[in-house]
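**Q** Each chain is listed here by its residues.
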Amino acid sequence: MTKPTKHKSKSKQYLAPTRRKEGQAAKYITRNKALNRLQIKLPEFRRLCILKGIHPREPKKKVEGHNKTYYHVKDIAFLAHEPLLDRSRELKAYEKKITKARAKRNLDLVQRLLGNKPEWNLNHLVNERYPSFVDALRDLDDPLTILHLFAWLPTDNSQKIRPEHIESARKLSLQWQAYCIRVRALRKVFVSVKGVYYQAEVGGQNITWLTPHSTSQVLPSDVDFRVMLTFLEFYKTLVGFVNFKLYHDLGLRYPPLLDEKLEKAANELYGLMKGLASAAPVAEEAPKAAGEDGDAEMAEQEEDPRAVESQVRLASLHSRLSAIDKEQEMPAAVPEAAKEPEDEDMDSSVKLFKEFKFFLGREVPREALLFVIRAFGGTVSWDGEGAPFPESDESITHQIVDRPTQGHKFLSREYVQPQWVFDCVNNKLLLPTDAYVVGKICPPHLSPFVDSEAEGYMPEYAETIKRMQAAASDDLPVFEKPESNGEADISTADVNVSLEKAFTRDLSKEMAGISYSASLEGKVQTAPEEQEDKKSGEASQSIPEADEAIQMGRMMMTRKARGLYDAAKMGQAKKAAKIDLLKERKKKAKAKGEEK
Amino acid sequence: MDTTIEDQVVERQIQVKFVTKLPPQLRVVSSAFAIPAKLGRYGLSEVVNTLLGLEKPQPFDFLIDGELLRTTVEQFLLTKGITAETTLTIEYIPVVLPPEPQQPRSHDEWVSAVSGYNARFIATGSYDNHGRIWNASGECVFLLQGHSDVITSLAPIPAPGSSAKQFQLVTASKDHTLRFWQVALNEATSSTVTLKPLKRLKGHTSSVQSVAASPSGHEVCSGSWDTSIKLWNLREETEGEEDLAGKKRRLETGAVNSSEKQVDARVTFQGHTQVVGGLDWSDRDTIYSASWDHSLRSWDVETAVNTQTLTSSKALHCLSVGGEGNALLAAGGADHLLRIWDPRLPGTVAPVFQLSSHTSWISACKWHPKSSFHILTASFDGTVKLWDTRATIPLITLNQHKDKVLSADWWKNDNIVSGGADSQLHIYSKLDLSF
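Chains as they are written, first to last, in the UniProt record's numbering: chain R, 1 to 596; chain F, 1 to 435.
Chain R on its own, in the form it takes in the complex:
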């Protein structure tokens, strides 16, 4: 009996050290092993991981040691199949060939090689990582932030930040902004120390991004720009695709034909907007759009001499940086046309500044204000070259300034600080300007990203604004159109169907020889019935939560879950304490003020 067991144990003892087939050791490998397997160097590996979106993992058991980085085996296999690996090898071989040919003074070969450089692009990665367009939109926050950041960075040879990086980042971010203006997608703006936060709603997704302040940027020494540039490379591809799709959905050409000459661009857009207006005809919308087209035409004629004038100026100012010119031209050309077809269906809040004409002083942040004001329907000019209208224009309603003394004050306009624009936009309300006049300390700039009701603490100014909003909604809405063209695109189909039915019915009656007046007599009134059909009351139900259920729930929890639950409760209590403290301080401050 002992013999077989002995034999068995012996065989186990002499088991050859094969690769493990299961467990943590089989699932995860260290970074060095991954490098060996993929046959690439570390920087290349890092780059590839960023591009493919692969992160290191934290296995439960770190079989090879605790100070090592682990990757999932499947992730590495995924990388091994990446066509970019081959591409980078091809590129390397190609570079070698060129250096070799150079060294041998074989200039013909060099010339020929330079002509067929292996193509390197990340298009397939965008498709792979974002299978649907909504996925890409959801993930757009970081790409936009990076692009806007790079758009403001100086070029730097030591960090390999090349002018073309800056240029393309700038172009893409401007295209994005132009789109936001065009569809009035901007929702929130917050100016912080870090920069300006924007939130836009595109395709039902809230997209938040941060742009740096328009001051000269210093490159920090503790940032690895190689990593940043890898991200930039991928994000450029991604945002390029997203912009293309957004423009294309609107029926606009991409890239927009704007940056060459202002005049030409304006014409092109004009033609394009006309095309859009006539493309809309799905029943009721069509005549309306065409009607607006007429108005737009008039507006265009008004604008035209100005456009030509500014074009002349632009032409004379050749020395100016082309980048700056572009920045001014593009958003300028887009919103003008953008007003036309869609304005009517839009929420009144997004055309908050529609009636106003703004003039920006030289000292205010022009980029941000241009974007915000235009995104809410206002017309803007500035102190500088290429401005659409001069400071002396009588029709200017608001001048945005940030220095205490003014050379010449026009009585017909209001002089406000930049914060007024941002606060108006965030609260979807035209705030009274007296709190924001030049020289005064403005009310606190409250963040629109903080829901003060959920937070529990409502700052004083937020309360004031809330009261104003309530009052404004009671009043007749100033910016709303009296006529309600509620029919959206979806319902036009229904309208079409009913129209079609009515048309065939009438025609058959008429062919049968029944005249209109005769048909009216016999006709039972169908119209009101149809209207009644459309009306359907919506009953909202509210289910009250019982306190008992919560208690019961707590008892039924596992110990782990209960621990989590208690921790959450503790967090809430802490928050409440903080709010109490704030309130107490406020009370004290008030009492002090009264004493004085």
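Since the hints were derived computationally from the structure, they do not count as laboratory data.
Wrong hints could be hidden among the right ones.
Claimed, not checked - Lysine-lysine pairs mimicking DSS-like chemistry, simulated, CA-CA at most 25 Å apart:
id, chain 1, residue 1, chain 2, residue 2
1, F, 412, F, 165
2, F, 38, R, 509
3, R, 560, R, 583
4, R, 52, R, 236
5, R, 575, R, 466
6, R, 245, F, 314
7, F, 261, F, 314
8, R, 96, R, 117
9, F, 430, R, 501
10, F, 430, R, 509
11, R, 501, F, 38
12, R, 501, F, 17
13, R, 501, F, 404
14, R, 52, R, 33
Add chain F to chain R, keeping to what the hints say.
**A** Showing chain F alone in chain R's frame:
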């Protein structure tokens, strides 16, 4: 009658003036007068009829600013933003009345292609692998036998000189080939004559889905499931060499049919990534193609280069070029909408018209050969619709088919022919279009 209209007057009256291009007996006085704004087409039609004093009332359609009135005048003015204060000029035209359906012609299988190019005959292609030619009295006079698989599409070859004597056409089939047929029309007798193809156009590596002939009649182009578009030369001059080549091949392969000559493709257009569903070659220098890859491309014939690409949101199944200036591209497909593009507009890729009324895929569309407003669509919902681009709803819906409609065409300018999955060829006659 006037009194009843007077009774209907609510509050709104508008000054209108009726104009028309119709003959003098159908013209009304050109002075302006007031009518109630709540009148629609039906009401206005009665007003005009009363003014004309015809013994038999005739229905009219009304054009305001080049658009057909389909709502009430009041709604129309509101939506268009036209002021009701000025005198409104309304043009009236006779209404397009529904045509009379004729006795359907039965086939053995689905009717996938139909052409009414020839004024005396209708050509059809069917799923039983045969093409047929029907005369006006409803008899099948020719049976085109030669394909070994379903015929998907057919194209008549325009032959300006000899159209009276003979009729040439090309059929495309799922057997990867196209065949060229020549029908001598004086042979037309009461009994069915079986014909063999004259030429076999071979070269596609998959089913051929669409075919179109050049305006000169010398060439045809075909689109296939292998995503390419091929150009074939049918001219007599080159026949000698083709014949030789054909002979050689026949010797090598042990030919199938001794009487038919084989023709190879002259040029291949690559670019589409999916089936080419519709082709149009009505302009000498340009071929337009619609594909299931959602795109609509135009190709320069000389250079074989894709000159323009328009994109839709769904697969496109059919294409027709016509309308105003013979330049509008109409294409329908998987999303129930007929879209019409104007490729001449700068800076935009958006369609100029979107006509929606069908409830299923659109399988065929065809502009009227003479009129610049009328277009015909066939759909899988079993209807054929006639559209006027000046209105957003169809003029006429024809629902004689009991199953999907696969093809439709005009015949003799005032007839509509359509074939469908109920194996019937329907003919609708006496359609009176005013253009």
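**Q** All hints, please: hold or fail.
**A** How the hints compare with the structure:
1. 412(F) to 165(F): Within the cut-off at roughly 17 Å; holds.
2. 38(F) to 509(R): holds (19 Å)
3. 560(R) to 583(R): Between residue 560(R) and residue 583(R) the Cα gap is close to 35 Å, so the pair fails against 25 Å, i.e. violated.
4. 52(R) to 236(R): holds (15 Å)
5. 575(R) to 466(R): holds (23 Å)
6. 245(R) to 314(F): holds (15 Å)
7. 261(F) to 314(F): Answer violated: residue 261(F) to residue 314(F) is near 39 Å, above 25 Å.
8. 96(R) to 117(R): This hinted pair holds, its Cα atoms lying about 12 Å apart.
9. 430(F) to 501(R): holds (23 Å)
10. 430(F) to 509(R): holds (20 Å)
11. 501(R) to 38(F): Within the cut-off at roughly 18 Å; holds.
12. 501(R) to 17(F): The given pair, whose Cα atoms are some 28 Å apart, is violated under the 25 Å limit.
13. 501(R) to 404(F): holds (22 Å)
14. 52(R) to 33(R): holds (19 Å)
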